[in-house]
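Colleague: Each chain, letter by letter, is given below.
Number of protein chains: 2
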Amino acid sequence: TKLAESLLDICVLGMGFRPNGCLASPQETLMGKYGDNSKLIYELQDQGGELLALRYDLTVPFARCLAMNKITNIKRYHIAKVYRRDNPATTRGRYREFYQCDFDIAGQFDSMIPDAECLKIVHEILSDLQLGDFLIKVNDRRILNGVFAVCGVPESKFITTCSTVDKLDKMPWDDVRSEMVGEKGLSPEAADCIGEYVQLHGGLDLIEQLLQDPKLSQNKLAKEGLGDMKLLFEYLTLFGITGKISFDLSLARGLDYYTGVIFEAVLLQQENDHVEESVSVGSVAGGGRYDGLVGMFDPKGRKVPCVGVSIGIERIFSIMEQRVKASGEKVRTTETQVLVATPQKHLLGARLKLISELWDAGIKAEMLYKKDPKLLKQLQYCEDTGIPLVAIIGEQELTDGVVKLRVVTTREEVNIPREKLADEIRRRLEPCSLSVQSCLTL
Amino acid sequence: TKLAESLLDICVLGMGFRPNGCLASPQETLMGKYGDNSKLIYELQDQGGELLALRYDLTVPFARCLAMNKITNIKRYHIAKVYRRDNPATTRGRYREFYQCDFDIAGQFDSMIPDAECLKIVHEILSDLQLGDFLIKVNDRRILNGVFAVCGVPESKFITTCSTVDKLDKMPWDDVRSEMVGEKGLSPEAADCIGEYVQLHGGLDLIEQLLQDPKLSQNKLAKEGLGDMKLLFEYLTLFGITGKISFDLSLARGLDYYTGVIFEAVLLQQENDHVEESVSVGSVAGGGRYDGLVGMFDPKGRKVPCVGVSIGIERIFSIMEQRVKASGEKVRTTETQVLVATPQKHLLGARLKLISELWDAGIKAEMLYKKDPKLLKQLQYCEDTGIPLVAIIGEQELTDGVVKLRVVTTREEVNIPREKLADEIRRRLEPCSLSVQSCLTL
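Here the protein sequences come in this chain order: A and B.
By the working numbering, the letter at position 199 of the first sequence is numbered 181, and the numbering carries on one by one without gaps.
By the working numbering, the letter at position 11 of the second sequence is numbered -7, and the numbering carries on one by one without gaps.
Just chain A, same shape as in the assembly:
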């Protein structure tokens, strides 16, 4: 069974260290890591009166876990729930309790190699899930800070300016400029200077152009960031994925802990496509480099450089759900390969014996939990749930030592010697094991 497989998987993986961090942490662990979003952290008080908080994401608990356990080198993924004290907007895939899926590479490595792998993985996931066209925007906090510096923003205002830039995907530049000058107190000249940079996006050509930029090329941080960005694009070219990557200076990311490369994947909406139009879920993945976070939890401040991605699977769910609804297609939610059925009464024993043989042979089999179900009911169950095959065992089949295998869609029936049944089922479903999707869609 799937369950046994999962368990074996977990047991084997569990033998190593499970660096996933805890669900609840002392509140101060989470504070000061999420910028303005900190108000969404769920605070709780336990019996001892200790102030705890539910995890806001999987990154901070992961970093704390590395520090506590003195891990300097690891690559892992983690799918688990996180919590936000937010108003749920379920149609847009925003919940208070929802799954996140993170992938991180921690360790002191040569520049941009793990960063490139992260982008490759995002590219692979979004391609495999067939969510339609997408774009991965890439930027670097050091380049942004360099821009702020050369535009005359005082260093104390870097973080707050950054979170204003982050609003560029939701607001036009003029509104962002007003916020900078009004709320954040930048000079109009500084804002205009920032505006010239953050509206740029492109590829290797833009990187080269900025490396020659008379102002920016004088800034140490920006130069470092641009040099790494060039390296990153070289690696992404080797991975063959630059077609969907855009170096975009408006990308800022809201969180405080990023220190280098940042990225965010967005689905592109095609016009004249009503399905797409009805779903607007914004970004579906995001991440970046956070070289300082582990050090914040280490008593001696030892740093472990990290880069990671978070996949917004709830948002991806809601897109897929909307699409499926719009298409009218049915989606199977189980992987059952065969239903064991009987055409006459008093054959529960025969069904139990046969299903047990199939389970032991590794076949995913189901039967109705009834003593004497009608054959029609059993066939109807397959139609309703999308089970592709029925193994029918009646008195005649018992006498002959065969099982009647029926293909639900074509109603074709063929007698198979009982000892060959498992192999025959596997053979008939072979193409499905290559493409889960095609098998699961009715």
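Mixed in with the good hints there might be a few duds.
Where chains are identical, the list cannot tell them apart; a pair therefore holds if satisfied intra-copy or between any two copies.
As the list claims (entries may be wrong) - Think about it this way: if two alpha-carbon atoms lie no more than 30 Å apart in a straight line, the pair counts; the simulated DSSO-like pairs of lysine-lysine are: (1) Lys282 - Lys386; (2) Lys205 - Lys285; (3) Lys307 - Lys139; (4) Lys312 - Lys352; (5) Lys346 - Lys166; (6) Lys197 - Lys212; (7) Lys346 - Lys282; (8) Lys386 - Lys352.
These are computed hints drawn from the structure, not numbers from a lab.
Since we're looking at a predicted model, the values are computed, not measured.
Chain B: place on chain A using the hints.
Modeller: Below, chain B without anything else, positioned relative to chain A:
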């Protein structure tokens, strides 16, 4: 990648309803369901002052979830964390925050068919995990209550007597008897009468014997329970697993919510086996029928009969860990099939291009995140982590359009045309895909 597969899996399954319940519930949801264990529930207060509790197990939240969503028919498994306000005893696999793995079948079905399936699955899991010999004890709350009734225990004392019987696996009968007579206030005659029954265990023969028992056969509940137990054993015989099942009248299970069949799997310790002796983790799986729990959460009290199992995976981890330590074997914690390596400098690009091709072909490949690692370092990494194959690409191989495939254990090397590399890797690791275990053990 494994991550993309998992995500696809989750996405497809996510399209259906995900009936897993919430992590935190209003405290009253959990109260009165766990008997004496309720003191272990983690209480928390949120910002609104609402009193919440972290889930103690996966059963109660599942039942609540069915009631809230009016689900009358479902089969699902769920692997997730639960919380106990306990003193951790990590060597025995007891933690405050730990994984549980549950499997439940909910719905109005014919007697004992889903119950038998649960036991079949426990049998399958414990066999597949190769934890050594085990025994699944089975009993029925109705039989126990029948025993209490015919022994003259007043109905108001059934639950408390039940939790005393439950201690029989840790205390000898004399101590249990003292507790019954002393603490629980039963008459000595009632206690002795109970003692005669609860020390019995056996198979179909014992069921038949009790069905003829002059006292017990007069009790309606006991008769029902025994009739079902007989049916269960018939089904388990068809599943071929009665060899490891024992009808054991001392099994009581501590929780309040069970209403019918109950069961518990224990590992058997062989004497003269030092590995086994050093590990004593008690039961590794338990469960039973709880027909009333969903109704407690339904505003109209509609009942949904359920039967389920909980697998103690943390306990199973600690057993496996102890064994591995004792055996001195190494266990792999990754499934990487091949390391992409280079023998000379300035070949990072070649490695990135090759690893990208392998990833795209579905091969689990890794490389060191270094620009110019020494070949020896790369080979040593494979030895350390148990990666079975190395794909070496140097200047000569690039010129010849081949890749040198090296088997780590034998040091055998062979040149493979580059376009055939993925297939060759798959071919060489074929037997491993059939037996994860043998592949993962170095």
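Colleague: Hint by hint, note whether the structure agrees.
Modeller: These are the hints, each one checked on the structure:
For the identical chains of this complex, Lys282 and Lys386 are neighbours neither inside a copy (70 Å) nor across copies (44 Å), given an alpha-carbon limit of 30 Å. Proximity of Lys205 to Lys285 under the C-alpha cut-off of 30 Å is restricted to the intra-copy arrangement: shortest distance 23 Å within a copy versus 68 Å between copies. For the homomeric pair Lys307 and Lys139, neither the shortest alpha-carbon distance inside one copy (46 Å) nor that between copies (54 Å) is at most 30 Å. Proximity of Lys312 to Lys352 under the C-alpha cut-off of 30 Å is restricted to the intra-copy arrangement: shortest distance 26 Å within a copy versus 47 Å between copies.
Taking identical chains as interchangeable, the C-alpha atoms of Lys346 and Lys166 are never at most 30 Å apart, the minima being 60 Å within one chain and 48 Å between chains. In this assembly of identical chains, Lys197 and Lys212 lie within 30 Å of each other by CA distance solely inside one copy; the values are 18 Å within and 86 Å between copies. In this assembly of identical chains, the alpha carbons of Lys346 and Lys282 never lie at most 30 Å apart, being 52 Å within a copy and 36 Å across copies at closest. When the C-alpha separation of Lys386 and Lys352 is checked against a cutoff of 30 Å, the pair qualifies only within one copy, where the shortest distance is 20 Å, while the shortest distance between copies is 58 Å.
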